[in-house]
Amino acid sequence: EAEVAQSPRYKITEKSQAVAFWCDPISGHATLYWYRQILGQGPELLVQFQDESVVDDSQLPKDRFSAERLKGVDSTLKIQPAELGDSAMYLCASSSSGTGNPREQYFGPGTRLTVT
Amino acid sequence: AQSVTQPDIHITVSEGASLELRCNYSYGATPYLFWYVQSPGQGLQLLLKYFSGDTLVQGIKGFEAEFKRSQSSFNLRKPSVHWSDAAEYFCAVKRSQGNLIFGKGTKLSVKP
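For the record, the sequence lines run as chains R and Z.
Quick note on numbering: our numbering labels position 61 of the first sequence as 61, and the sequence is numbered without any gaps.
Position in the second sequence (from 1) plus 1000 gives the number in our numbering.
Among the hints, a few may not be true.
List time: in silico DMTMM-like cross-link candidates among lysine to aspartate or glutamate, alpha-carbon distance up to 20 Å [claimed, not checked]: (1) Z:K1061 - R:E1; (2) Z:K1049 - R:E104; (3) Z:K1049 - R:D86; (4) Z:K1104 - Z:E1015; (5) Z:K1104 - R:E1; (6) Z:K1068 - R:E44.
Covered stretches of chain R (chain Z as the covering partner; in silico rule of three or more C-beta atoms under 8 Å from a C-beta of chain Z) [unchecked claim]: (7) 42–52; (8) 103–111.
Derived by calculation from the structure, the hints in this document are not laboratory data.
We put the beta carbon where it would ideally sit given N, CA and C, even for glycine.
Pulled out of the complex, with its shape left as it was, chain R reads as follows (with noise of 0.2 Å):
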């Protein structure tokens, strides 16, 4: 069965510094989700891309966030410095397009950030 593949699972990084996170969603899937979830609450969207185009982007912490799609198949989600308030898990989940009914969202294991 096809799964949306994150990585890296766990990562601890210190404040200020830099952190990426990789998603590739399942094949053929045009639509992409970003969402954090912190401990104790349920996920909140950051980005979401239609093919490489981003969608809604509204909630994206856009002066130390960044999200690419650059050939709308894998994503890339960056924190640049990483701050206190960051340690979250972070979730991908892709879709399938197209008319008729809603499309199910499909979640990756999601990558655990701490920062210290």
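Given chain R, work out where chain Z should sit, using these hints.
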């Protein structure tokens, strides 16, 4: 504004007992609703979804949920809980552009 409320932060049930997790939503149009389960340190797995039609939907692992438009609710149920059901459960509503708005989650503990 669109939102999802899960009133119960933590629920403990005995193994074999029935379960109901509550979810209320706020959404202007016909909602597309989901329940996900998350084991510690893992991603989210879809349990079931409601798009339209029959208001009682069946999902995986013996779960079901009932959509009640008049109460803006989409409660998750299971007739007999197993120890392996211990996890965190999230209710979500789909926004028009496709992304999900999640509730804060309900953590389920199962007593032997």
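Earlier hints that do not hold, by number: Violated hints: 3, 4, 5 and 6; rest satisfied.
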